[in-house]
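Each residue of the sequence shown is one higher than the last, beginning at 1 in this note's numbering.
Worth flagging that the hints you see were computed from the coordinates, not collected in a lab.
Fair warning: there could be bad hints in the mix.
[Unchecked claim] Below, in silico cross-link-like pairs of lysine to any residue (SDA-like), each with a Cα-Cα straight-line distance of 20 Å or less:
| no. | residue 1 | residue 2 |
| --- | --- | --- |
| 1 | 28 | 9 |
| 2 | 3 | 37 |
| 3 | 3 | 38 |
| 4 | 28 | 7 |
| 5 | 28 | 5 |
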Amino acid sequence: MYKRILIANRGEIALRIIRACSEIGIEKVAIFSESDRGSAYLELAD
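Build the full structure now, drawing on both the sequences and the hints.
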């Protein structure tokens, strides 16, 4: 099983991935552009 996942998606898709990873205990790492700073999905990522 994976221990950590890199999320390169944005917005709603990233939120869905992050929530699914949280449910099964996988660490989440999100990459983002400057225009995405402050987005909801970034606050949920590890």
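Checked hints:
1. With a C-alpha separation of about 12 Å, the suggested pair residue 28 and residue 9 falls inside the 20 Å cut-off, and the hint holds.
2. Pair hint residue 3 plus residue 37 does not hold up; C-alpha atoms about 25 Å apart against a cutoff of 20 Å.
3. Between the alpha carbons of residue 3 and residue 38 the distance comes to roughly 25 Å, so the proposed pair goes past 20 Å and is violated.
4. At roughly 7 Å between alpha-carbon atoms, residue 28 and residue 7 fall within 20 Å of each other, so this suggested pair holds.
5. Restraint check for residue 28 and residue 5: the C-alpha separation of about 5 Å stays at or below 20 Å, so the hint holds.
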